[in-house]
Each structure stands twice: as structure tokens, then as C-alpha cells.
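Colleague: Assembling the complex is the task here: the two chains are given apart, and the hints tell you how they should meet.
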Amino acid sequence: MENAEYKPVIGLEVHIQLKTKSKMFGMAPNKLDMTEPNVNIDEVVTAQPGSLPVANKEAIRLAAKMGLALNCTIDEWSKFDRKHYFYPDLPKGYQISQLDQPIAKEGWLEITKSDGAVKKIAIQRAHLEEDAGKNIHPDGLPYSLVDYNRAGTPLLEIVTHPCIESAEEARKYLEELQRIARYVGASDADMEKGSMRCEPSISVRLPGEVGLPPYKCEVKNINSFKFVEQAIKYEIERQTEMRKEGLVPKQVTMGWNEKLNQTVEQRSKEEANDYRYLPEPDLPPLQFTSEYIEELRGELPELPAAKRKRFREEYGLPDADIENLINWKELTYYFENVVSELDAWILSAPAELSGKTDKRGKLIKSVANWCLQDFSAMLNVEHKNPDESLVTPENLAELVKLIDDGKISSSAAKQVFRAMYERGGDPSEIVGDLGLEQVSDEGAIASVIDVVIANNEKAVTDYKAGLEKSFGFLVGQAMKELKGKGNPNLVNELLRNKLK
Amino acid sequence: MKFEHLELSELREKLDKKEITSVQLTEYFLARIEKLNPELNAFVTICRDEALSQARVADDYINSPGENPPLCGIPFSAKDLFCTVGVRTTASSKILDQYIPPYDSTVIVKLKEQKAVLVGKTNLDQFAHGSSTETSYYGPTKNPWDTSRIPGGSSGGSAASVAAGMVPFALGTETGGSIRQPSSLCGVSGWKPTYGRVSRFGVIAMASSLDSPGAHGKSVKDLVSLANIMSGVDLKDSTTGDRISDFRLQIADLKGVRVGVPKQYFVDGMQEEVRERVIEATKELERLGAELVEVDLPHTKYGSLVYAIVAPAEIASNLSRYDGIRYGYVTSEAKNLLEVYEKSRSEGFGDEAKRRIMTGTYVLSAGYYDAYYKRAQKVRRFIINEFAEVFKKVDVLVAPSSPNVAVTLGKAADDPLFGYIADQLNIPSSLAGLPALSVPCGFARPQDGVTPSVDGLPVGLQIIGPQWGEQKIFDVGLAYQSATDWHKKHPTEISNS
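Residue numbers (the numbering used here), protein chains in the order written: chain A, 1 to 500; chain B, 1001 to 1497.
Keep in mind the hints are simulated off the structure, nothing from the lab.
Hints may contain errors.
Straight line, CA to CA, 25 Å or less: simulated DMTMM-like cross-link-like pairs of lysine to aspartate or glutamate [what the hints assert, rightly or not]: (1) B:Lys1335 with A:Asp139; (2) B:Lys1110 with A:Asp89; (3) B:Lys1354 with A:Asp89; (4) B:Lys1374 with A:Asp89; (5) B:Lys1374 with A:Asp75; (6) B:Lys1002 with B:Glu1027; (7) B:Lys1378 with A:Asp100; (8) A:Lys134 with B:Glu1352; (9) B:Lys1094 with B:Glu1342; (10) B:Lys1112 with A:Asp42; (11) A:Lys83 with B:Glu1027; (12) B:Lys1374 with A:Glu294.
Just chain B, same shape as in the assembly (with noise of 0.2 Å):
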């Protein structure tokens, strides 16, 4: 019996119906992470021991009288920015490459307390500084669908680790695409939450104020699923907002929804064939009732570089605490107090982050200060109000969710109009805090050479809600995958010779 891509209501059935145990359940996954992550180095860690023993726990909470959590006895993978006690948590870097956590992050605490089993930790650019996975400190992570491809990232680890069925979902982070993108390049769903409804806390911060722990899936329903568990204001976390969080399932139809398409998110540049396949997916949305509203968001080519300013000024400062000191990678060469910082540091950080440390220390500078962040930060309220109002319009916003299918791994950088298309499709909405669903919708060649990928490669629909908007994201995510098939195709098994 197979069971690596079921959706986690079908997984709940068999094991509530003991069809199944949580036991064989996580030794089925480990085995396949065992068997494939050596070609995809979707993961960091694995678990397997803790992993056993927590299911051990589930099946007896599954043998006992009573209903079981939605997600007990479910195995799961965390990007390894989700703090984890006593299992390593490195954040693919060299500073925290021997870091175990004393304590675990809320969104690891609520799914403990559904017995979920942790199964592994997942490769990601270091500190998500990227959007390749190539960054890491472990290696690049593969796409399953071409191996010869990157899985996108920062939460690359995790989208490719779902994409394989080496788990039935993943919690990954998005600060500036980090989720949409490689959900859409792996081809698996993937929800980037409102700013403040996923706690933050024990999630190693990135950029304080654009950080939003979400999550990849077989589904939105799954996803659905997950939001339910995840969300809620956190006392740990004075950013979280105190929102009710109880989102419908039932998939509805249409009418009445509408669907806004931005123009400046269907610009020249991107890959056509992504274009045309996010254009279909409106069209099947209008046949499912929604209507399509053109809109204009002229602010939109403003947002890359206010995140350009905003995004390193917080990363450097969250970065301040890796200092030797305390716990992480500490220099063997230090003569005085000085070097310890200085060694440490420019030996422990990989080269992006000692950019984006520069860069950030120098937007803070005295002096630099009104000049960048603080202007950054008023244009950054500009993008904002105008969502706000382009929302009073419109329900959702639809786009691609990346401007093209994975790349040649090595070769992201070849591209830079790719990149800077990319930012102008998630970054805008990231700095608003807005929730986003990334859902398969298609495949598309690619550019740059050959696939053995029969279909092409995965491409994804992004649908952006405004504040607080998840309900809507979901019923049109819903009602999408129940008329299309997209998120039920897989990569093809990669053989183990």
C-alpha cells in the first residue's frame, strides 16, 4: 500500500480505522526519506529515534478511547528555522551547525500537542537568505521533478521534501516569497499566513517585521486543515493578532467572488508558457462562477527596493546575537574579546548574510537612518493602503506565483530579470502582511535546456487575500482544486541506482 501521497483526511481514516499504526506509518516515510534524500538533500536532520518514539506515543493515544487531533499520528517535516528541543536546529548555517535548541517553537508546541510526528529538519538557503536553496551550508537541495533543477527556496527542503512524498506536509517560512515560490517550483501547495496569525516564536528570525511562519501541502484542504491548527494569538509573540481562526472547509462555488488580476504582475519577461498557464487558471475560475476584474497596482515596482532596505535592516540586527558568546560556532583563533566577534562571525556567516549585514548596519548608521529606513518605511505604508484599497474592489488578487519553472541548479543567478520579476510577485504583498495560497496549475518547458519531467515542470497560481483574508484565499484555493487535478500529479519516483 502506498501511502506517500495521500491527503491528510485519507491518512487520519486509516489510522483511526487502525488500518494502519503511526509507527509503520513514520517508518514508511522515514524509509522513503532514507531512500531518496540522498539524491534531493531535502533534509538537514532526520529524526528517526524521536521520530518513533512520539509516534509510539500517538498510537496509544489512537488505542485509547476518545476522538484523535486531526493530526495525530501524522508525520511531518519543519524547516530548520522551527527551534526544536533537543533536536539541532541550524538554520543550514555554519553558526548553528552543532545549535540544539532548549526549547521548541510555538508552532512545534501546537502540533506536539496533536501528537504530529517530526520526522526530520529541512535544508533551506542559510538564515532563508535566498530563494534556491543553494545557499545552505549542507549543499543544495534538488528538485524532485529534475534533479538537475533547483527546488526553489528558502523553503526548499520543505516543498521538495512534500513534492517527493517523503512527508504529507511541511512547515516552511516565508519572509519575501520563501513559501509561494517553492511551492510553485516543486509543484505542491503552499500557504503564506497573515503577518501576526502564525505565531513567530522559536522561528529564527529573519526579518522581524515580514516573517510568517506557513506551511506546504497535498492540497489547500489540507492546507485548510493546518491553518485551523496552526494559527492564534500567541503570548510569546506581541505581533500575533488575537483573530478567530475556524475556516470553513466546504468547497463553494464562485459566484459572486472577484477575482482581481494585476496588470503589473503579468509583465514581458516573465516565461510565457507561465503566463499562460496562470491565464488558464483564471479562465477556470470565471467558469467556476468568479468574475475577473483587471486592477492596477502602480506602487507595485516600489516594493523590491523598499525590502531591499527594510528586510537587511532587521536581519542584521536579528543577526547580532550569533556573537560566539552564548552558544553556536565560536572561532578556536581569538586572542582578545574583539576577535571572538570578528572570527566568529566572518568565519561562522555564509557570504549573504555578511551582505545583507553590511548593508543593513549601513541603512541604520547614524545619519543613514531618515535617509533609508525611515523613507523605506513610508513607502512601505504607501504599498499597504494600496492593497487596502484595490481590496475594497476585489476579493482576492490572482498571478504567477513564480515568473518561471525551476532553473538549472547554479544557475539562478544567470537570470536576473527572473529575479527581479520574482520580487515585484511576492514582495509587494509580503511587506502589506497579506495572506497568499500558491497552488499547482499547470507545467510549462523550460528555457534554459532539456527535463526528463514528461509534463515540463510544475508552474503555480498565487492567490493573495487582504489582511485577515484567509476564508477567501481558502474557498477560491477550494474550489480551484476541486475542479482541476493539478495538485494531484507527482514527480516521477526517482530510482535508487
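Isolated chain A (complex conformation) (with noise of 0.2 Å):
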């Protein structure tokens, strides 16, 4: 066990992208996805001589609602800076950022690991700041080109303090970051698109070591919650090698390669810049009132911590249920909807039904199900939110009512949500329309087995010979007569008796 004495220290430092409709420090449109380059820009953006900039408030008000998700304190003042480097993707040769007055400092957000540990994640600091444009070197041309669409994008850069220990932390810590960043509206945080970004900064404490390792090694370029934990356990294994043969790794920047999957040296500290940092003279300090952090408080939903919580209370799904459920923030809104839908039937059902809590128990895991399953999947293919779908809370209700009720196969429930999904409209009518009533009559399905019976009398004699399968086959038979709208449980009854 000598290994786990070397152990890892990580912090992470996290941007993400504040979906505003105009540019942190300006009023040229904030889109991304653009296709055509250089069309998301004015005066501001491409720093021309004499141009101001002017804060964004909807970029300030998502800042400090971040902060308070993030459990931070969001102090009276904050004032932005001046960060200088040279570099064509940035227009003023500085970016506006925060220094030591950050917008939100000192929270924490909590984990549970995959063994059930729950972990509070100490947060040192959350600060704005402007993103850079992209810099295009097209292949074989002796000259690169500068796109400063993205350049001005709110920023919100997140940082932690050193106390990430394993690639497994570091990975729960940006998904539930992702999910309180959607679910305070404040960005999509799409580690794939580039509105999250994570450079985890990561050393090998020697066992006994007091204090943080005398390096850190920053990795950039990591594009996906996988290569953040790849490239973080790449690191701590390297690292650990390297300071069991006695070395203390360089304190340098790492890129994450996807290609050799390993990381890979980028450049080295020694020739850090100097940032030159100036109290932004442009702009005065922004202050906070006690009664605007309220308000930004009261504008706070149900955060996914809280809501994990009250799901596993009021509905009893299983965790893995939950967590898919709570992955998707509109997905939960639809999903309370129709079970508030099916609360309110049960309650207006005779008193033996609503008296049964594992009927309503089997109900909501249905109703999780289709949200989970069938719905998501075609809601995904069109990148929809359940909210612009055609199938109402109420409609999805009643289909459970109806599966619930044998009034449809579960394959034909298949068939009528599909039709409720492309055209809409009452899963009764829909099921009357495709004709997909299931047969529960019993007279109906006890002439069908009959025939069956007398058609089929090799495998009768089989099945009374001890051959289970010969069973399965005259179920099929009696199916294919009643054109699969049989109720199968019973189908299976009504045969069974008829051979005894």
C-alpha cells in the first residue's frame, strides 16, 4: 500500500461561457455557432482607438447567482482589472478580468462518489472576465487568420482550492457544476462546444509531505468530462513515478493529447508573463446591495442537490433514476407535472386505490420510464426540450393510466406514444384510431384458444408431454389470431386452464 501514500492534489480552474444576448463589455450580439467569421464584432470588440467598455449587468446578475448556488459570499464591491499579454486573439493586448476583488469568493459544492462518500468541494473563487477570439492557421499558408466572433464572450471563470483528490472527484465536481450552471439559466456549459472548460492543475504530495508539492503541472486543451479524467489520471501516475525515483516534476503546461492519450508538454512556467495588472480605469467598481443579493437569491430555482434529495423522498425511483432524471432540468419540471397529473387522479379514485401507495409507487416509475426512455430519445434526436414537444403532461398521464389499466399492450403503448409525439393529441383517440384496443374479454379470447387448440394438435400433445416451449407457441398462435391486441396475462391464463 505504499502507493497511496503519494497522493494527488488537484484544484480546477473552470470557464464558463454566460449566455447574455450582447457581449460582456459591450452591445455586439453574444452568439456562438457561428459559421461566417468576424460578424459578431463593433468598435468594442476589435478594440478600436477610443472605444469603452461597459459591464454587462445580465452577465453580472448570472455571476452572482452562480455564486450564490455555489454557496460563495458575494461581497459589497467588486472591480474588474486589466490583464496584459500580447496575443492576436486579443483586441486591447489586455483582458478584462478580476483580480483580487472577484465577484463571488470561498463556497463549496458537494459530490457523492461512486462508493457513496459525499465530499464538500471548497470553491476559492468565482470571477468575470471577457473571452479571447480563435486564432486559424490554415494548413500550408504562410499566415493566420483571427475570428474575434468569440472574442467579449462573458466569461465566468470558477476556481477551486487544492483539495480534489482523485480523477473521480474532479469528474463529479464538473458535472454537478454543469448541472447548476443550466439549471440557474446561466450557461450551457458544454464541455464539447466550449462553453465549459476545465484546466485542472495537478501535483503528487510524497507521503508525509507538509503543505502543497513545490510544482503544479496546469493540463489545457481537455474537451470532454473522459479526457479531464484521463488526462488527470495520466498526470498523478506520472507524477507519482517520477517522485518515487526521488524527481520533482517541472512546473510546466500540459496539453491533453486525445491522439497518443496522454498529455503532453506545452510550455514551460519559467517564461510565464507578467500580467501587469491595473485596476480597470474604465469602468467603476460594481456594488452590491443587500437587497439585489436577496432578490438574486429568490430568483434561484430548486438546485440539483436539493432536488436529488426531495426526488428520493417523494418518489422513490431508483438513484440511477434520479440522477438521468435531474441530468436534465426541464425533463424534471415535465416529469413532476405528469405525476401531479396521475396524483390527482388517484386521489379522485375509489378509496382501496388511493390508499395504495405501491400502486402509485409502480405509476411514477412508468411515468419515469417513458421520460427516461422513449421520450428522450426522440426529443434528443430534434435537440427539443419536453416542453416543445406536442405530448402534454396530461397525455403522457393517461397513457400510463391506460398500460396500467390493460387497456393497451405495452408494444402498442410504444406505437400510440410515437403517434402522440408526431401529431399529438389524447392517447385514448389514438389508440381508438389505430385500432390498438387490447382484447380482455374473456368469452373472445377463450373461442380463439379453442381454435387454436384444434388446430394445433402436435403441439398440445407436446406440451402435455412436458415441453414448456410447445406453450410459448400456442400463446403466439392465439396472439397472431387476435392480431397481437390480446391482454397476454390473460392469454396465458385462459390457455393454461384449457390444457390442464
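Modeller: Okay, structure coming up:
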């Protein structure tokens, strides 16, 4: 167990792009996914001489809300600073950021690890800044191009304390942070699209080493949760090996190389910039009143952690289902609307039914299954949210009831749901239109079974001789006669009785 | 008929009464510019075609029913720091020699809404780094009173253009004396607004926490009219204040007005005759009813030290954007990205810009920030508080705008004492963001040789007010000019031989 003594020390810097109408410091539109370069620009974005920044109120609002959602303190005063460096994608020659008075300080976020252990990840700060443009290097051409569409996009940088100890913890933190950003409505927080970016700093502590190791390696260029996990694992292994040999890894910036599946040294920190921070003279300090902070707190939605806890208590669903629902804020709203439709029905149903909690539990599980399976799949194809579909919560509740009542088979229900999704409408009517009612009339089923028994003597004989397989064949024949609409439980039951 | 020295209200009347059209007036001033500029070099760019088309629009407006805005159809010039859409804006620098802005500065927008007519862009020290207009990439501007002398700076082209009757008024900017000092040396009236009174949006930045766009005019009355138009909160400049800017033009006597005379502003080493003229002006204010009060501003001496740190820090930062990537001068020699930066900037910037970039970069370097910039800002706070205290006792302060009259071209650096005292006179109030006027108050003989100007060279009185106290300095300036006619003196017409 010697290895366990080498403890990873990990801190995460996460940038999320805030969802605002205009840029962080000007009126140009904040639209991503542009195909044409240099469209979302104006004199402020391209730093024309004489242009001045004006802080975006909506971005400040979203940043403060994120701060509150992450249990941070929002100080009364916050200010912007200029961070200087030269790069073609940075139009002003400085980035407007926040040095010593970030908008949010000292918070935490709770994660549950796969072994069930709960851990609070301490957040050091969250500050506002602006994104850079993109440099483009056309293959084989002797020049580079710059696209400023992204320049000036509002960013919230969220920095943890170096309190993360494994790749798994890092991943869980990122996933929860993503959920929170989406719940708050601050960002799409999509790693693949770059609206959420993560730069882990990793070092490995020697057995018995006190304080932080005398170096750290930052990893850039990671665009998925999976790669964050892989990059951290790779670094931990690399650095642990070095430290075991008595070496101190160089303080360097690494890049994640997807093809090699490893980190690669990018640049040495020794050549690091002196950013020559300057309090931004073009922007007065921000002042937050306690009324404003309370107003923002009041606007926060139920956050994933609270919702997770409540869903467990109220709906008794398996953890995996809850996790999957929680991942999609809009779907949780939809799910709860369907459940409340069903609850209304249960309450108005005969006393013996409304008293049965297992009945309610069964219905809720069925709703969760529809939400997470067929419905999610269809919505994902069209990149839609549940409330943008034609399937109303009332209609889905109705469908779940029809199944529970035995009025349609589960395979027929899938057809009905597709029709509801494509055209909208009441499931009972669709069942009628498509002729999918389940046959539960004992007399009708019994007469079909009689015919099947008469026509399949061999199978009957085989079954009676103990060949169970033949029973399945006979059920199939009966269902065929019933055009698939027979109530399968009833068909089974009647057939067994007749063959006794 | 002559128009070159008429005040705005007189021009307004002539235009409204259709005694002259805006096109004729514009042609008149363009002709003067074209005649005088080869000698004075007050203009970097003359925009004849744009001006005439703006004048035609103004004439259409005047010819349609209804009242005309105060500046409708009146020509003006703008220091070449004000961005003007489609019209080259150079900051008198090589690095922006070919720069044509895609947008108008807020002040230009306001003047265009008035249908005022921009006839050209005036010369300045490169990026406003100087007080003589000699560091311009396009050569020095000459003082219209004596073309062997400097007009002052950095708004030297603007002040000279008004003094020579090339325009009725001109836009200038001040960071640490750049409106007051050239106004004084060229014998025109100048207004340096309270920081935040006039939008900086679209004005090429020198030092952001100090820059104050303002104006040069024929009289305080003209400046008050301009203040009413140029002032106001701007959503594009977060440092503008939401203050009402509706200033009175009425002349009142100065009974009950307390005029502070800071002893630190009348020190030995300034030109004796200049000091005499300014003291005579204070006596005139007393005669008009004001009470003179000697005041003490002991922190004055720290002003230039604070400025020497704060201004270069902000300048170095503001000049970062001139990198040869998106606009402006780009070297033809670069082999890689680093060389694009290094060569474009070292070939494109003048010596003074480079000096300030180096100083500013140094004072903001890791480890030096606290010792320099942070400490300087603390001292700045002392200076601000000291003024605030003094303005509890007095309504305005008066002082010379400049310790000397215009010096000979190329000799500005020869008398460092003048430079030092000039800083004392202008920089502390700039650091405090205070409003000020410079008004002509007589003439003095130069100390460096003779001048062909018969009366000598103009001397300026500055009137400094408390923050947002424009009305107070305007009241004093209006009263002073109602009792004196120094602002009606003009240089002898330069002959075009």
C-alpha cells in the first residue's frame, strides 16, 4: 500500500461562457455557433481606438447567481482589472478580468462519489472576465487568421481550492457544476462546444509531505469530462513515478493529446508572463446591495442537490433514474407535472386505490421510464426540450393509466406514444384510431383458444408431454389470431386452464 | 464681410436671418484654412467634401420651418483624437497614419445631431504626449501670434485654429493641461470639463482616469453654449456622471463670490510679466465684487510625481492595442508573430510614447505595483481631499494657466523650470478631475528674444472649480469677459506671401 501514500493534489479552474444577449463589455451580440467569421463584432470587440467597455448587467447578474448557487459570499464591492499580454486573439492587448476583488468568494459544492461517500469541494473564487477570439492557422499557408466572434463573450472563471484528490472527484465536481450552471440558466456549460472549459492543476504529495508540493502542472486543451478524467489519471501516474524516484516534476503547462491519449508538455512556466495588472480605469467598481443579493437568491431555482434529495423522498425512484432525470432540468419539471396529473387521478379514484402507495410508486416508475427512454430519445433527435413537444403531461399521464388499466399492451403503447409525439393528441383517441385496444374479453379469447387447440394437436400433445416450449408456441398462435391485441396475462391464464 | 472672429451667437443670427448660408460660411472658413494652414500646420486633415455636404444638409434644415439647433451650420475643427467615421483619425502618430475609424465618438455624434460642420482634424503631440505640439508625426503647429513659436499642447492645433480664425470653435482634450495651456498661449478661451462631464467614448485614450474632452472657443459664452451640448451621461462611457448640464449664460456680478488665490500657484520662477497680468486679473474680479482669499494647497508639489506614475501606467496599457494586427501601421519586415509586435510598435510609435510605455510597464511590473502605482493613487486621494477642503472655503481658484508665454519652437525643453511650474499649475486639478477655464487676460513680452507681435504674447488666467462646479467657473469667466476685452484681441493676419 506504499502507493496510497503518494496523494494527488488537484485544483480545477473552470471557465463557463455566460448566456447573455450581448458581449461582456459591449452591445455586439453574444452568439456562438457562428459559421461566418467576424460577424459578432463592433468597435468595442475589435478594440478600435477610443472605444470603451461597459459592463453587461445581465452577465453580472448571472455571475452573482452562480456565486450564490455555489454557496459563495458576494462582497459589497467588486472591481475589474486589466490583465496584459499580447496575442492576436486578444484585441486590446489586455483582458478585462478580476484580480483581487472577484464577484464571489469562498463557497463549496457537494459531490457523492461512486462508493457513496459525500465530499464538499471548496471553491476559492468565481470571477468575471471576457473570452478571447480564435486564431486560425490555414494548412500550408504562410499566414494566420483571427476570428473575433468569440472575443468579449462573458466568462465566469470558477476556481477550487487544491482539495480534490482523484480523477473521479474532479469528474463528479464538473458534472455537478455543469448541472448547477444549467439550472441557474447561466450557461449551456457544454465541454464539447467549449461553453465549459476545464484546466486542472495537478501535483502529487510525498508520503508525509506537509503543505502543497513545490510544483504543479496545469493541463489545457481538454474538451470532455472523459478526457479530464483520463488526463488527471495520466498525470497522477506520471508524477507519482517521478516522485518515487526522488524527482520533482517541472512546473509546466501540459496539453491533453487525444490521439496519444496522454499529456504533452506545452510550455514551461519559467517563461510565464508578468500580466502587469491594472485596476480598470474605464469601469467604476461594482456595488452590490443586500436587497439585490436577496432578490437574486429568490430567483434561484431548486438546485440539483436539493432536488435529488426531494425526488428520493417523494418518488422512491432508483438512484440511477433520479440522476438521469436531474441531469435535465426541463425534464424534471415535465416529470413532476405528469406525476401531479396522476396524483389528481389517484386522489379522485376509489378509496382502496388511493390508499395503495405501491400503486402510486408503480405508476411513477412508469412515468420515469417513459421520460427517460422513448421521450428523451425522441427529444434528443430534435434537440428539443419537453415543453417544446406535442406530448402534454396530461396526455402522458393518460397513457400510463391506459397501460396500467390493461387497455393497451406495452408494445401498442409505444406505437401510441410515437403518434402522440408526432401529431399530438389524446392517447385514448389514438388507441381508437389505430385500433390498438387490448382484447380483455374472456369469452372472445376463450373461443380463439379453442380454435388454436383444435388446429395444433401436435403442440398440445408435446406440451402435455412436458415440453414447455410448446406453450409459448400456442400463446403466439392465439395472439396472432387476436391480431396482437389480446391481453397477454389473460391469454396465458385461459390457455393453461384449457390445457389442464 | 468678415466672419472669422464672430462668436457663436453672432453666427447663429446670420445663419438664421439667411444673411449667409452654411455652405458659404463653410467655404469661407475652408478658404481661410487652405490659406493659413501651410504656414501654421494646425490641421492634419481638411475634410472639404464632407464639410460641404454637411453644410448643405444644415442649409436644408435651416430653410425648413422651425427653430435651428444652436450649432446648426456652424463649422468647427476637432483634435485628431476624436474618432470620426470615414475621416482619417491619426492621433498625429505614424502608427495611426492611415487609420479611418468605423465609428464616431459620442461628442462628434452630438455635434452632428446639431448639424454642426466638421471642417478638419487638428494637430497635436503624438497621442497627446506633450505640451508643444512639436512631437506630431506631421510636424509642429505654429503659434498664430508668432509663427516662430509653439502654440502649446497637446491641443495646439485646435487652439491655433481658433486663434487664427480658421474655425469658430474647436474640440480639444486635456489630460494634464492640454486644453488650458495651449488656450493660454494662443489667446483663446478653453474649457477643461469635470472628469466624467463629457463622454470619452471614441476619443483615443491617453490616460483613462484623467482624460477630459473639452473645447476651445472665442469666449466663455461660446464655451457655455458648447458645454450645454457636449455634456451629459453616456451609456457608452461608464465614467460619465449623471449630472444635469444646463448652464446659465446670464452675466451676474460677483458679489459674495469667494475667489481663492493659492500661494503655490504664484511661485518664483514663473515669468514676472505673466504673474503681473494674472494678479491684475484677480484685481479685476475683486472690482467686480468677488472676495479674494489666499489659500494653501501644500500637496501641490506631489501632483507631478503622482502624474508621472499614474499617467504612464494607463498610457502603456491603453497603447497595447496598437499591435499591427487589426488596424494601423504594420511592419513589412516581420518573420514571425513576435516581430510583428516588436517591429510594428518600434517603427510606429514616437520616442515619447516609447518612453511612457517603458515607464508605465515598469511601474506595473510584478513587485513594483504596490510601491508605485498603488502608492501614487493614495497620494492622489490626498490631493483630491485637499481640493475638496479648500472648496469649502472658496467658490473657485484662480491662477496662471501657464507660467510663461509661448516659447520659440524647439526650445520648450530648454527651460525645465517652466515645465516644472507648468505641471504644478495644471496637474493637481487634473488628478482631482476638476473643471477649469482658461481665459485671455493680457499680454507679456517673451523672455527668449523678441516677437513681431506688437502687444507681446497672450497670457491666460485659469479659473478652477470644484467637482461638477462648472457653473461657478462659467459665472466668473462670463463676468470677467463682460468687463474686459482681452478675448477680443486677435493675432495680426498672416500674409500669404
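Colleague: Which numbered hints turn out to be false for this structure?
Modeller: 2, 4, 8, 11 and 12
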